[in-house]
Amino acid sequence: MQRFINDPDDIVDETVRGFVRAHADRVRLSPDNPRVVVAAGAPVQGKVGVVTGGGSGHEPAFLGYTGKNMVDAVSIGELFSSPTGKSFHDAIRAADGGAGVAVLYGNYAGDNMNVNLARKMAAKDGIEVATVIANDDVSSAPFAERDKRRGVAGEIFMWKIGGAKAASGASLEEVRATAQKAIDNCRSVGVGLSPCTLPAAGKPNFQIEPGKMEMGIGHHGEPGVKIEDLKPANAIADEMVEMVLADHGLPAGTEVAVLVSGLGATPVNELYVLYDRMADRIEAAGLTVHRGYVGNYFTSLEMMGATLTVMALDAELKELLAMPTDVPGFA
Amino acid sequence: MQRFINDPDDIVDETVRGFVRAHADRVRLSPDNPRVVVAAGAPVQGKVGVVTGGGSGHEPAFLGYTGKNMVDAVSIGELFSSPTGKSFHDAIRAADGGAGVAVLYGNYAGDNMNVNLARKMAAKDGIEVATVIANDDVSSAPFAERDKRRGVAGEIFMWKIGGAKAASGASLEEVRATAQKAIDNCRSVGVGLSPCTLPAAGKPNFQIEPGKMEMGIGHHGEPGVKIEDLKPANAIADEMVEMVLADHGLPAGTEVAVLVSGLGATPVNELYVLYDRMADRIEAAGLTVHRGYVGNYFTSLEMMGATLTVMALDAELKELLAMPTDVPGFA
Amino acid sequence: MTALPNAGAGALMQEVAAAVVENRAWLSELDGQIGDGDHGFNMAKGFGRAAERIGAADTLDSALNTLSEVLIGEIGGSMGPLYGMMFSDMADAVAGAEAIDAQTFGRMLHAGLDGVRAIGSADVGDKTLLDTLVPSVAAYDAALAQGGGFADALTAMTAAAETGRDSTRDMVARIGRASRLGDRSRGVLDPGATSCCLILVTLADGVARRLDG
Amino acid sequence: MTALPNAGAGALMQEVAAAVVENRAWLSELDGQIGDGDHGFNMAKGFGRAAERIGAADTLDSALNTLSEVLIGEIGGSMGPLYGMMFSDMADAVAGAEAIDAQTFGRMLHAGLDGVRAIGSADVGDKTLLDTLVPSVAAYDAALAQGGGFADALTAMTAAAETGRDSTRDMVARIGRASRLGDRSRGVLDPGATSCCLILVTLADGVARRLDG
Ligand SMILES: Nc1ncnc2c1ncn2[C@@H]1O[C@H](COP(=O)(O)OP(=O)(O)O)[C@@H](O)[C@H]1O
Ligand SMILES: Nc1ncnc2c1ncn2[C@@H]1O[C@H](COP(=O)(O)OP(=O)(O)O)[C@@H](O)[C@H]1O
Ligand SMILES: [Mg+2]
Ligand SMILES: [Mg+2]
Ligand SMILES: [Mg+2]
Ligand SMILES: [Mg+2]
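Residue numbers (my numbering), protein chains in the order written: chain A, 30 to 360; chain B, 30 to 360; chain C, 566 to 778; chain D, 566 to 778.
Here chain A stands alone, though its shape is the one from the complex:
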């Protein structure tokens, strides 16, 4: 394993320490909890707090989206594991400016349980909490069972929109409803070209044979829904767009935001190669690309692969998308 590791058990603590140190102008560590990172200016009195959290190993997600006009506090779990209920609770407390807190997170068993625990604890503090659960990954369950689908890179848009809405002075219910609209308007799909390795294991979780690819792979290397021969970039792009749009069913003329995220090890130039073709196909389907995002936004350690997220836009979402942010992970 050719990696920068001390003791694998310490990697999350070291990451958080390095992160808070590097971005001291924008974030700080919670004084109560070394697994909670808080935006420099948070909490803002009278503003709805925005909280997220999730397992580590997806950097810049989750902690990289902490900062001005986006996430107020983030709770941090072990590699690929939900943060504790206590950490979600401490993040909620750190983000609370008296107007309630929106917890915007992804649909994973652990996160659901831990957020529920945190919610109960926050209720005792008298903090009003609303939740939005991202479920944008089309290949994780059929459309009819959308509540089983997992949250993937669409969460970036959910945080961007929810954070901007909160910054605009909206109420908790408005923030919740708008973040919910954002994620409802998102569909994502991932493709994996190589596995990833948890440092404690020292060898890949799973295998992808050279010359094959896993369509529908999860952000933790959960196996995909289909193993296929590795195809040229354009053919992969076509297949991903097809899966997303088939599920989306958007009327012609819809404006969309498109996010192509690398899974960690794929060179960034290849993400642009994918994007170029995806934008072609999306436009050929009668949609209009309002804005594109290409980069390593939500990764899976050193996995080779990429995700595509398409978010349908309306006037409100476009305006909120345009609000500037100042967070380490969002260029």
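Hint data in this document are derived by calculation from the structure and do not stem from the laboratory. Heads up, some of the hints might be wrong.
What the hints assert, rightly or not - With a straight-line Cα cutoff of 25 Å, these simulated DSS-like cross-link-like pairs (lysine-lysine) come out:
1) A:Lys232 x B:Lys210
2) B:Lys177 x B:Lys255
3) B:Lys97 x B:Lys210
4) A:Lys255 x A:Lys177
5) A:Lys232 x B:Lys232
6) B:Lys241 x B:Lys255
7) A:Lys260 x B:Lys232
8) B:Lys260 x A:Lys232
9) A:Lys97 x B:Lys210
10) B:Lys177 x B:Lys149
11) B:Lys177 x B:Lys210
12) B:Lys260 x A:Lys347
13) A:Lys149 x A:Lys177
14) A:Lys241 x A:Lys260
15) B:Lys241 x B:Lys260
16) A:Lys177 x A:Lys210
17) A:Lys241 x B:Lys232
18) A:Lys347 x A:Lys97
19) A:Lys97 x A:Lys210
20) B:Lys97 x B:Lys347
21) A:Lys97 x B:Lys241
22) B:Lys347 x B:Lys210
23) B:Lys232 x B:Lys255
24) A:Lys210 x A:Lys347
Unchecked claim - Beyond 10 Å from chain C on every Cβ pair, some chain A residues (computed):
25) Asp38
26) Arg46
27) Ser59
28) Leu201
29) Asp343
Since we're looking at a predicted model, the values are computed, not measured. Heads up, the beta-carbon is just placed ideally off N, CA and C, and yes, glycines get one too.
Given the structure of chain A, go ahead and fit chains B, C and D with the ligands onto it with the hints provided.
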């Protein structure tokens, strides 16, 4: 090779097309040259133009630093190959707002020759050109032969400072002198943990045995100066800091900016692990870290590894560093 | 003996923790095949940390509470809340008892099961730790109801735990990370069912040894 | 024949281009060992593209100019300017000639060498293409000075090109990407010296065949 590739010969054109499309709000393609990307607002009449350029495969470098308050126009080469003299010339023309153009680039044989060609062409157009040649890589030549050293991630600071100086309304000579000061104040070192693969070759350029690492590796996988056993992250961080500071020789109390860039495939959390330790050692050496930058700023396709850059600061550099930018590659 | 003194049962829980730590790689390997590969690492981190804070002389409820606090407060994941609530509710069931007899142990098992059910929402057949836990508790009950002693009930529980764990091999996951796999989740033991079996079997074995001694 | 008609020498340059394209992988492999692995790919891209634009009936100067324009205008790297200037200056040296005799060919070689020297700043012994080019030109001159004919001079040039290329194997690079390698650059042929040899040998061979024919 588990990668997103169509025809390897097309990858640069596809990348540039995807890039310009995704970031149409911030950049545009030169109408004269499909290998020149220009900032949306450039040229600004009366402002010194800032140009860079280099081989592809280092994304977000070089094209990702095009935009407000940073680079006005960038010329783009094949993978790991200098752009043509014509592309440098076209970038110079696109950036020229009548106040001259500063070409801030890295010290590579090809780039030197092609910039020289471009300079001659620009002289015929009556455009005044100044150049700064980055040479921050301490392991590429001894201190006594600094003019042989190559430019690596210190170029990010050179562009940031040069771009900000130009945006502040400075003259060409002032921009040149300040960008020169920035790079003179930078020292960098890289370490490689795994090789990278040019798509046209389909197999790694060179080998790094599992369990080994190459200290002093170049951004194109040019072999390092020392092959060592792979060590824990902290020991690697210590060695890198030592190499940089030994060459730098900064007096105690100096404020510095620290940039840790991944080479492509190393997970971002591990860069923070390195950063945390590096900041410790830099502070233990009596220096003060004014600001840290951690991420994939200057990559080498899918190489595993990282670079460390330390830039000594003064009041002017601190102020220029703080100027906001709006470019795709800089969070 | 027909009952286990509550005081001193900390040592028993240290044995359970040691068993989890020992099986760390195997549990993560199972999870790697149908999940995300972290199960063994997080379990070992939680149980290992708890073991350092549990004294051998601790009461069972105190040891269970320590374990629960570490899991809920420091480990997270799915196991933090699931096992955390299980052990916390188990602790409540034995708190204050001088000694733990067959009936008290049974009440403790039920409390643990209820704790898991309250926080998760899986059922038998979903390929989760409930496929171990539910039949184990039922077998324990049945052995007592049929007139068996504490030791007999523990033996029955052990056998049921192993059968329950093995039953997950041929199941298709309907909940959690593995559920999207559909048929591809077949053929691998469920990691949670496996760790749950390990916990119950080690517990039963430790109690039985102490009853003998 | 003692001279090559200028018109129709496009075919000759197509042969040179084909030789470069054929050796694409080898040239990149050499560059991978002591450089960045792109030499063969960029050379093949440039020469391949130029070959498509060169007509078999073109004059030598027109073919050389086409090649130079592609290298300088579309390929870049180190080879764009170095070979670009070399071919452009070579074209100037033969432009307007009806036929290219031994003297004209010699002037062309010198012009090419001067073109490379003007843009780079390497010397013999630095482990670059000059280690092929300089002795080749010298051997060509010497053969003519000793009273040899065009064909003899070409044979001498070929031998010197191969010796020059091989001489780089034991050199330590003092310029370019390989220079930081120090002693580790020893043992591998210089990619530029190798491609330069390929160009000169193919050119000499093509001219000689045409003189024979
Ligand atoms: N709702 C639930 N009820 C009971 N057990 C569950 C539930 N959801 C998941 N599990 C168990 O969790 C195990 C996976 O645990 P672990 O790998 O530690 O967490 P995660 O899935 O969050 O990575 C599964 O094997 C399954 O037995
Ligand atoms: N100044 C120079 N003069 C002559 N040849 C040079 C000079 N610099 C580099 N070279 C040649 O360039 C070759 C490498 O070319 P190439 O790999 O295409 O470019 P790059 O080094 O930019 O990747 C070297 O093998 C060497 O022969
Ligand atoms: Mg997990
Ligand atoms: Mg090169
Ligand atoms: Mg798991
Ligand atoms: Mg090269």
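Consistency of the hints with the structure:
1. A:Lys232 x B:Lys210: violated, 45 Å
2. B:Lys177 x B:Lys255: At roughly 18 Å apart (the allowed maximum being 25 Å), Lys255 of chain B and Lys177 of chain B satisfy the hint.
3. B:Lys97 x B:Lys210: holds, 21 Å
4. A:Lys255 x A:Lys177: Holds: Lys255 of chain A and Lys177 of chain A sit about 18 Å apart, inside 25 Å.
5. A:Lys232 x B:Lys232: Holds - the C-alpha atoms of Lys232 of chain B and Lys232 of chain A are around 22 Å apart, at most 25 Å.
6. B:Lys241 x B:Lys255: holds, 10 Å
7. A:Lys260 x B:Lys232: holds, 18 Å
8. B:Lys260 x A:Lys232: holds, 18 Å
9. A:Lys97 x B:Lys210: Between Lys97 of chain A and Lys210 of chain B the Cα gap is close to 32 Å, so the pair fails against 25 Å, i.e. violated.
10. B:Lys177 x B:Lys149: holds, 23 Å
11. B:Lys177 x B:Lys210: The given pair, whose Cα atoms are some 18 Å apart, holds under the 25 Å limit.
12. B:Lys260 x A:Lys347: violated, 48 Å
13. A:Lys149 x A:Lys177: Holds. Lys149 of chain A to Lys177 of chain A sits at ~23 Å (cutoff 25 Å).
14. A:Lys241 x A:Lys260: Holds - the C-alpha atoms of Lys260 of chain A and Lys241 of chain A are around 8 Å apart, at most 25 Å.
15. B:Lys241 x B:Lys260: holds, 8 Å
16. A:Lys177 x A:Lys210: holds, 18 Å
17. A:Lys241 x B:Lys232: Holds, at about 17 Å.
18. A:Lys347 x A:Lys97: holds, 18 Å
19. A:Lys97 x A:Lys210: holds, 21 Å
20. B:Lys97 x B:Lys347: holds, 18 Å
21. A:Lys97 x B:Lys241: Measuring from Cα to Cα gives roughly 42 Å; hence the hint is violated.
22. B:Lys347 x B:Lys210: holds, 12 Å
23. B:Lys232 x B:Lys255: holds, 23 Å
24. A:Lys210 x A:Lys347: holds, 12 Å
25. Asp38: Non-interface label on Asp38 of chain A violated, nearest chain C Cβ at 6 Å vs cutoff 10 Å.
26. Arg46: At about 17 Å from chain C, Arg46 of chain A clears the 10 Å cut-off, so the statement holds.
27. Ser59: holds, 14 Å
28. Leu201: Holds, because the least Cβ-Cβ distance between Leu201 of chain A and chain C comes to about 25 Å, which exceeds 10 Å.
29. Asp343: holds, 30 Å
Hints 1, 9, 12, 21, 25 from the earlier list are contradicted by this structure; the remaining hints agree with it.
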